[in-house]
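K.L.:
Sequence:
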Amino acid sequence: MTHAMTTERKGKKASESPRDILTRYMTEQQMRKTPERFAILDVVMNIEGHYSADQLIERMPEDFHVSRGTMYSTLALLAECGLVYSHHMASGATLYEKAHGVASHNHYICTGCGKIWDLKNDSINKLVMDARTPKFKKLRCSTYIYGVCNVCLAKIARLKKKQEKQHTLNVEMTREEARFAKISEELEKAAKWFK
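In terms of the numbering used here, the sequence shown is residues 68 to 262.
Since the hints were derived computationally from the structure, they do not count as laboratory data.
Note that this is a predicted model, so its numbers are computed, not measured.
Heads up, the beta-carbon is just placed ideally off N, CA and C, and yes, glycines get one too.
Fair warning: there could be bad hints in the mix.
Ranges between beta-carbon positions, derived for each pair [claimed, not checked]: (1) Arg91 <-> Glu243: 43 to 49 Å; (2) Lys205 <-> Glu129: 22 to 28 Å; (3) Arg126 <-> Trp184: 18 to 24 Å; (4) Ser171 <-> Glu129: 41 to 47 Å; (5) Pro102 <-> Glu231: 56 to 62 Å; (6) Val195 <-> Glu243: 49 to 55 Å.
Working from the sequences, and respecting the hints, build out all of it.
P.N.:
Following this line, the structure appears as structure tokens:
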């Protein structure tokens with residue numbers, strides 16, 4: 068259940084704190100209110116940007132040892148009650164982001180390095196929310212735009228130069244160089260397709 072659905076069904080008060088929302092949700096679901104869950108919530112509410120479960124574990128207070136299992140189950144709980152957004156990346160990894168007090172938004176994702184950025188442009192959300200969708204009530208919009216960031220583009224350009232040299236020398240590429248070469252080929256195919 069998404070935060071928007073929870074808000075709509077439960078009539079969440081605008082002044083509810085993240086702790087209040089989590090407490091109410093766990094009470095309704097008859098879940099245990101453990102100190103670890105609240106400690107994870109506190110850390111999540113104080114982090115800006117996107118982060119993995121492992122990065123969150125590293126930021127936990129020293130007096131709270133939290134296992135990976137506890138971290139993942141708590142992040143799933145926080146996503147269910149609308150306190151975090153979870154972003155499932157093409158690589159299979161999941162990144163999280165604070166949702167309380169943050170409007171739904173869109174993202175750029177680099178297919179080279181996997182970095183994710185917020186897209187600060189409401190035109191996509193407006194377009195989606197204005198679209199007629201019979202027999203379907205839209206709650207929020209989140210779009211992922213995949214591409215290649217400037218850092219990876221620079222690596223690809225350097226790799227192309229290196230490949231040209233290697234072609235004459237017949238030297239083997241590293242695994243990373245091969246990955247960027249493949250991305251470069253995909254970009255060239257996409258450019259031809261758009262023409």
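K.L.:
Does each hint hold? Answer for all of them.
P.N.:
Each hint tested on the structure:
1. Our hint of 43 to 49 Å for arginine 91 and glutamate 243 holds, since their Cβ atoms are close to 47 Å apart.
2. A beta carbon spacing of about 44 Å between lysine 205 and glutamate 129 contradicts the range 22 to 28 Å that was offered as a hint.
3. About 21 Å separates the C-beta atoms of arginine 126 and tryptophan 184, a value consistent with the hinted range of 18 to 24 Å.
4. About 34 Å separates the C-beta atoms of serine 171 and glutamate 129, a value inconsistent with the hinted range of 41 to 47 Å.
5. Between proline 102 and glutamate 231, the C-beta spacing of about 59 Å keeps the proposed range 56 to 62 Å intact.
6. At roughly 36 Å, the beta-carbon separation of valine 195 and glutamate 243 lies outside the given 49 to 55 Å, and the hint is violated.
Violation of the numbered hints given earlier is confined to hints 2, 4 and 6; the remaining hints are satisfied by the structure.
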